[in-house]
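Colleague: Protein chains in written order, with the working numbering: chain A, 37 to 463; chain B, 6 to 180; chain C, 2 to 316.
Accuracy of the hints is not assured; some may be wrong.
What the hints assert, rightly or not - Okay, derived cross-link-like pairs now, DMTMM-like style, lysine to aspartate or glutamate, Cα gap no bigger than 20 Å in a straight line: (1) Lys-87/B - Glu-235/C; (2) Lys-8/C - Asp-81/B; (3) Lys-44/C - Asp-124/B; (4) Lys-125/C - Glu-350/A; (5) Lys-44/C - Asp-77/B; (6) Lys-43/C - Asp-81/B; (7) Lys-8/C - Asp-78/B; (8) Lys-125/C - Asp-311/A; (9) Lys-222/A - Glu-32/C; (10) Lys-59/B - Glu-20/B; (11) Lys-43/C - Glu-20/B; (12) Lys-44/C - Glu-89/B; (13) Lys-309/C - Asp-77/B; (14) Lys-87/B - Glu-25/C; (15) Lys-29/C - Asp-92/B; (16) Lys-87/B - Glu-22/C; (17) Lys-44/C - Asp-120/B.
No lab work stands behind these hints: they were computed from the structure. The structure displayed is predicted, hence computed values, not measured ones.
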Amino acid sequence: MSELIWFKGGRIAAEDSAKLEQLDVLVEGGKIIRVAEEVKAPEGAEVVDCEGCVIAPAMFDVHVHAREPGREDKETIETCSEAAINGGVTGMVLMPNTLPAIDSGGLVQSVLDIAAEKSRIPIWQSGCITKGRAGKELAGIAGMKSKGVPVITDDGDSVADPMVLLRAMQYAKRFDLILAMHCEVKELSGFGAMNEGVVSYRLGIPGIPACSEEICLDRDIRLAQYTGARVHIQHVTSARGMETIRRFKEEGVKVTCEVTPHHLLFNEEHIGDYDTHYKMNPPLRTQKDNELLLQALIDGVFDVIATDHAPHTEFEKNSDFVSAPFGITGLDTALVSLYHHYVKTGIFGWDLLVKRYSAEPRRLTNLEPVPVVEGGVAELIVFDPNRKTKFTRDFMKSKSSNTPFLDQELDGQIISVIRDGEFLLNR
Amino acid sequence: MGSERTLLSGEGITEKVGELAAEIRKRCGDDRPAFVGVYTRGVTLAKRVKEALKEEWPDIPLGTLDISLYRDDLDDLQTAPKLESSDIPFALDGTRVILFDEVMYTGRTTRAALDVLMDYGRPARVELAVLVDRGNRELPLQPDYVGLKVETKVGDYVAVQFVEDDKREGVYLTD
Amino acid sequence: MAETEIKSRKDLLDIESLSIEEIEYLLKTAEPFKELFRRSVKKVPTLRGKTVLTLFYEPSTRTRTSFEVAANRLSADVTNFAVSTSAVVKGESILDTIETLQAMRTDYIVIRHGASGVPALIAKHTRASVLNAGDGFHAHPTQALLDAFTVREVYPETEQKRILIVGDILHSRVARSTSTIMRKMGMEVGVLGPGSLVPEGRPDYMKSFWNWEDALAWKPDVVYLLRVQMERQEQQFFPSLGEYHRVYGLTSERFKRVEGAGIYLMHPGPVNRGVEIVDEAMAYERCLINQQVENGIATRMAALYWLKPGEENER
Chain A
37 MSELIWFKGG
47 RIAAEDSAKL
57 EQLDVLVEGG
67 KIIRVAEEVK
77 APEGAEVVDC
87 EGCVIAPAMF
97 DVHVHAREPG
107 REDKETIETC
117 SEAAINGGVT
127 GMVLMPNTLP
137 AIDSGGLVQS
147 VLDIAAEKSR
157 IPIWQSGCIT
167 KGRAGKELAG
177 IAGMKSKGVP
187 VITDDGDSVA
197 DPMVLLRAMQ
207 YAKRFDLILA
217 MHCEVKELSG
227 FGAMNEGVVS
237 YRLGIPGIPA
247 CSEEICLDRD
257 IRLAQYTGAR
267 VHIQHVTSAR
277 GMETIRRFKE
287 EGVKVTCEVT
297 PHHLLFNEEH
307 IGDYDTHYKM
317 NPPLRTQKDN
327 ELLLQALIDG
337 VFDVIATDHA
347 PHTEFEKNSD
357 FVSAPFGITG
367 LDTALVSLYH
377 HYVKTGIFGW
387 DLLVKRYSAE
397 PRRLTNLEPV
407 PVVEGGVAEL
417 IVFDPNRKTK
427 FTRDFMKSKS
437 SNTPFLDQEL
447 DGQIISVIRD
457 GEFLLNR
Chain B
6 MGSERTLLSG
16 EGITEKVGEL
26 AAEIRKRCGD
36 DRPAFVGVYT
46 RGVTLAKRVK
56 EALKEEWPDI
66 PLGTLDISLY
76 RDDLDDLQTA
86 PKLESSDIPF
96 ALDGTRVILF
106 DEVMYTGRTT
116 RAALDVLMDY
126 GRPARVELAV
136 LVDRGNRELP
146 LQPDYVGLKV
156 ETKVGDYVAV
166 QFVEDDKREG
176 VYLTD
Chain C
2 MAETEIKSRK
12 DLLDIESLSI
22 EEIEYLLKTA
32 EPFKELFRRS
42 VKKVPTLRGK
52 TVLTLFYEPS
62 TRTRTSFEVA
72 ANRLSADVTN
82 FAVSTSAVVK
92 GESILDTIET
102 LQAMRTDYIV
112 IRHGASGVPA
122 LIAKHTRASV
132 LNAGDGFHAH
142 PTQALLDAFT
152 VREVYPETEQ
162 KRILIVGDIL
172 HSRVARSTST
182 IMRKMGMEVG
192 VLGPGSLVPE
202 GRPDYMKSFW
212 NWEDALAWKP
222 DVVYLLRVQM
232 ERQEQQFFPS
242 LGEYHRVYGL
252 TSERFKRVEG
262 AGIYLMHPGP
272 VNRGVEIVDE
282 AMAYERCLIN
292 QQVENGIATR
302 MAALYWLKPG
312 EENER
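Build the full structure now, drawing on both the sequences and the hints.
Modeller: Shown next, in the form of structure tokens:
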């Protein structure tokens, strides 16, 4: 491997510039040593021809289910990290709803140990808010914090008892931890398997009303307002919920939030004839929600884009709609699908993608962003908009392929991923 | 598609219907039969013969049979045949029945028609009248009354057309 | 007689996907089958050598028997695949069952399942024709066909006729399928039920009523009473069965008004006497419940006659 890498002729994407600037990039041992219009060819440099390509900071995903420990048949930390690299992601935060749930410092360490051995990218493990995610007793928050947990969450479930959550917020605040909230009033969701409305009536599927999410989200932010804790609202699906967050943000409450690619791109109508690739919790809402969430992303209401990568086996997803598990994979597909549907069509630019899927997720995790600038760390991707990506089973590195993009061909391809002076991916 | 040849004109059909009626009258004697036509053109044929005999027997009972449910080739069809109502508005038991079909070919339709008839009751005797017998039997069945007998090859197509059911009248052979 | 050909389908999963021509064809085809019942031999050899499997994950003696009689009269061999209905049946066992069914090389599968979409899932994975005998809250297409056939017998012209469906619209696959077919046949559909059981997501064409007074003032031609599922009361969709009967049931007093107006009565059965319907209404000459049962056999025969399983070598 050459010490020097010369990215020649690419256009640089940055979070604060709508314009892509054509500049050469010279990388040496994990550092960007030169960014200029024409870099003089140094002796022995490895040349990467980036003609027509975009060079962007590598992505970061704050919401990933790697399933290890416990459901290694769905995904492992190794396959999950490879799926991330495949999708241009070089760091991620894993959710703690594994088997067992990650609710102590020891368990956090055990995951980090596996990651150190199996993952080619750094991994942050989040911890539970309550023991076993049962919503009753607080998990070992200080112990988990000492192992580097950036965020605590009972993701998959809300913390049903508001008093438990209030205490958790008061406690976690003093450890400078963010509480990431899955918002749902379980009693309202019941046995629901999709958004409640015209489509759920037609299909005869029990519905989950949007107010199940909206009420809980409102409650959680009010508790954050009261306690002064930092909360992060996960996977917002409804426009009304988004408006609640916008209003609290304007009031100065310390709340951040995320939107997933699937809640932007898909809605209840896509379920069609009981396609379980469109079953997730919180569920896909309406087309109107798609439009309003997209506008909110452009307006800056959403701090980050996160995939909620949720692998399930083909066997599980092949069962009937009500029995099939919630969730779809996203790491392999997120960047290309967002490029295809929004950047290529001019709905938003690379600057938004970089800001919301690279820079802000890192800041949320108390990390520095990785802009492509002189003196910066070389953690970047090369993206060719003129190539296409077909999401075949073989192409995707996740152990599972429960995604609506399965076998779809979209515009754009990630051709290189570089981190720490090393090519993690080079097509 | 081969060429079409006329086997019987409209007048020819009328003549053959008359001959069938006369033969039936002769052979039945005092034993007035009941008629049963097989959908669609067997019913028309039965009505024509009944009309020809209205002087002697003004009140021949007339029934209709749809044999679709008894066909043995349903598996080969992409479309389930449209069903007509079978209607036997008289007591079959002990009755002499003449079954009408326009063309006799392999004998499979007749086999199916007999099966349907037997499911309605127990006639004293069943005879078969056809306008055209084109041979090439696949079952050991023969008509009792025949208007016209023609030699044909398997794969030929014999069409009987009545103005009641079709645009024209005549019997045509296409090879 | 220029008629459009009605191509056979592999499966009958819902009413929504049927064209009006297909519905008309099925109703027309059911007529000669009903006439068969008056013959001494009520059987035809149409499906001789074919196998029909009934697979009921929810117990329903009536519907299963109706399908069995229909299949028998078409000379098919009928087998009841005994499935456990006591335990909650999870998706996993369905996939396993599909494999088993595949190996049995059955031609028709009649399935009832508590989860919406299961018949569609099975249909995707087998060459056999799948007849949905009720799935979750989703669809009950043969019930809808027999209801339509029954309405046609009393009203040959269904255009602009009005049907009032009374009861639990939210959890009823019968309400979904029957309202869909009546709508497709040009009828106006009204619904009456407790606010907690008439969902917001209902189609726009449904005119909703919240009391009998308004509903009868709409002058329905047919009143279709849905069965009250007793467990709904425990889930607090309404306060008590007594209150249900008083407010939404066909009480003696309301029955008198129905009788006076000559309105036809229908019910998918089995009825809870004294809850959704009073005793005396069962003897009403315009009560079509028994016709519905008889017509169920004829329309199910028509459905079996129409469907064509996939090729032998197909999955």
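Colleague: Are there hints from earlier that the structure breaks, and if so, what are their numbers?
Modeller: Per hint list: 1, 6, 9, 11 violated.
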